[in-house]
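For the protein sequence lines, the chains are A and B, in the order given.
According to the numbering used here, numbering within the first sequence proceeds without interruption in unit steps and concludes at 115.
According to the numbering used here, numbering within the second sequence proceeds without interruption in unit steps and concludes at 232.
Since the hints were made in silico from the structure, they are not lab data.
One thing to keep in mind: the hints can contain errors.
Mimicking EDC-like on lysine to aspartate or glutamate, the simulated pairs with C-alpha atoms at most 20 Å apart in a straight line are [said to hold, decoys possible]:
1. 55(A) x 125(B)
2. 66(A) x 87(A)
3. 14(A) x 65(A)
4. 41(A) x 201(B)
5. 41(A) x 125(B)
6. 64(A) x 22(A)
Under 7 Å between C-beta atoms, here's a sample of chain A residues computed to sit facing chain B [as the list claims (entries may be wrong)]:
7. 44
8. 46
9. 97
10. 103
11. 106
12. 108
13. 109
14. 113
Chain A is faced by these chain B residues, among others (derived, beta-carbon under 7 Å) [stated by the list, open to error]:
15. 150
16. 158
17. 160
18. 162
19. 165
20. 218
21. 219
22. 222
23. 224
24. 225
25. 229
Glycine is no exception: its CB is placed at the ideal position from the N, C-alpha and C atoms.
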Amino acid sequence: GAVVSQHPSWVICKSGTSVKIECRSLDFQATTMFWYRQFPKQSLMLMATSNEGSKATYEQGVEKDKFLINHASLTLSTLTVTSAHPEDSSFYICSVDRGIAYEQYFGPGTRLTVT
Amino acid sequence: AQTVTQSQPEMSVQEAETVTLSCTYDTSESDYYLFWYKQPPSRQMILVIRQEAYKQQNATENRFSVNFQKAAKSFSLKISDSQLGDAAMYFCAYRSAIRVGNEKLTFGTGTRLTIIP
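Chain B with its partners taken away, still in its complex shape (with noise of 0.2 Å):
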């Protein structure tokens, strides 16, 4: 089974600053796609950044990116330029590649990103 560990409950920056938020994953498939979630407090789900594990290049959202590691099963984010908006929780998420009962999500236990005026 997969397992996903998202390693700091919480963090925070300063507004207009760079801020990484850590996430690694295990698993022995090659191919899945790793995902950022944001949940603010409206506690709506929404997807920050998408990366496919075939793919060397990282993923980039205008002021977010990632920073893919393949071999180390490392998938950080970048949020650049920190807003007030950016404040929530954020899910780091794994899914595999294989079709067929292998559909679902599986989540980090989440990192809480304060922005500091």
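Bound conformation, chain A alone (with noise of 0.2 Å):
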């Protein structure tokens, strides 16, 4: 498998600030990478597709200036909350794409709480 590792593993910040959260690809070069937001109790919810070196593709409903995404290498991607509030408080997590016939790997997870 692949091993995805995320930064930071939790974060508390207050509301206006952004915060950044690093998802890298520790043993395989990815050029898909997906970022995931889930409530407690709740499924994943796909935010948004990650391409390396080209934007990314959001999903419905997802703001994309507010959840700014670069995929600058082939190892790294970045989610960026900008303006963060207290609604943006979750558990995020990202998994990258070995390919079509492969599962995907996910990080550990980042909890974001606002405050």
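Each of the two chains sits in its own frame; use the hints to bring them together as a complex.
Right under this line is the structure:
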């Protein structure tokens, strides 16, 4: 499988500030990564598909100007939550795509709390 | 669009017993992949088992096996000899086999499995 890391594992920020979450594929060069959001006791909700060297594809209802995604290299994708508000508090998970015939490999997640 | 349905929000099983988690899906595609993922309290998503739709044989991984019924669009997970470490949320997921833009996973709502000692 692929090893995926996320940093930070948890973060607390004040309302109105921006927070950057990193997702790294440690042993595989990933052209595609995915960002999910998960509320307590709920399923994963896909936010966007991150493609190396091109703009991310956002799911319907996800504000692209609020959730900035940058996939600058084959091993790193970042999610920046801009002007965070308490309703952005959630668990954010990234995954790495190894190709259509393979499963996705998930990072350990980042818990964001906005006060 | 594809949908995945898990009709059992919660299940419980006695340790060492067998439990089956249900999953149905809706798709018009003929070629796809199905997965069961486990999310323990740590919240790390872990792949349990995968099934290719073109394969008639049900996938098996140690104590975990599936019952894949393509015509019925059903994909249940059977856990044998349940262990305390099996306690987790279990998510069923669908992935199209058509490349370019369809690589994303569609998840069910999950089933919380409790193991009774």
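Outcome of the hint check:
{"no.": "1", "hint": "55(A) x 125(B)", "verdict": "violated, 39 Å"}
{"no.": "2", "hint": "66(A) x 87(A)", "verdict": "holds, 12 Å"}
{"no.": "3", "hint": "14(A) x 65(A)", "verdict": "holds, 19 Å"}
{"no.": "4", "hint": "41(A) x 201(B)", "verdict": "holds, 17 Å"}
{"no.": "5", "hint": "41(A) x 125(B)", "verdict": "holds, 11 Å"}
{"no.": "6", "hint": "64(A) x 22(A)", "verdict": "holds, 17 Å"}
{"no.": "7", "hint": "44", "verdict": "holds, 5 Å"}
{"no.": "8", "hint": "46", "verdict": "holds, 6 Å"}
{"no.": "9", "hint": "97", "verdict": "holds, 6 Å"}
{"no.": "10", "hint": "103", "verdict": "holds, 5 Å"}
{"no.": "11", "hint": "106", "verdict": "holds, 4 Å"}
{"no.": "12", "hint": "108", "verdict": "holds, 5 Å"}
{"no.": "13", "hint": "109", "verdict": "holds, 5 Å"}
{"no.": "14", "hint": "113", "verdict": "violated, 15 Å"}
{"no.": "15", "hint": "150", "verdict": "holds, 6 Å"}
{"no.": "16", "hint": "158", "verdict": "holds, 5 Å"}
{"no.": "17", "hint": "160", "verdict": "holds, 4 Å"}
{"no.": "18", "hint": "162", "verdict": "holds, 5 Å"}
{"no.": "19", "hint": "165", "verdict": "holds, 6 Å"}
{"no.": "20", "hint": "218", "verdict": "holds, 6 Å"}
{"no.": "21", "hint": "219", "verdict": "holds, 6 Å"}
{"no.": "22", "hint": "222", "verdict": "holds, 5 Å"}
{"no.": "23", "hint": "224", "verdict": "holds, 5 Å"}
{"no.": "24", "hint": "225", "verdict": "holds, 5 Å"}
{"no.": "25", "hint": "229", "verdict": "violated, 14 Å"}
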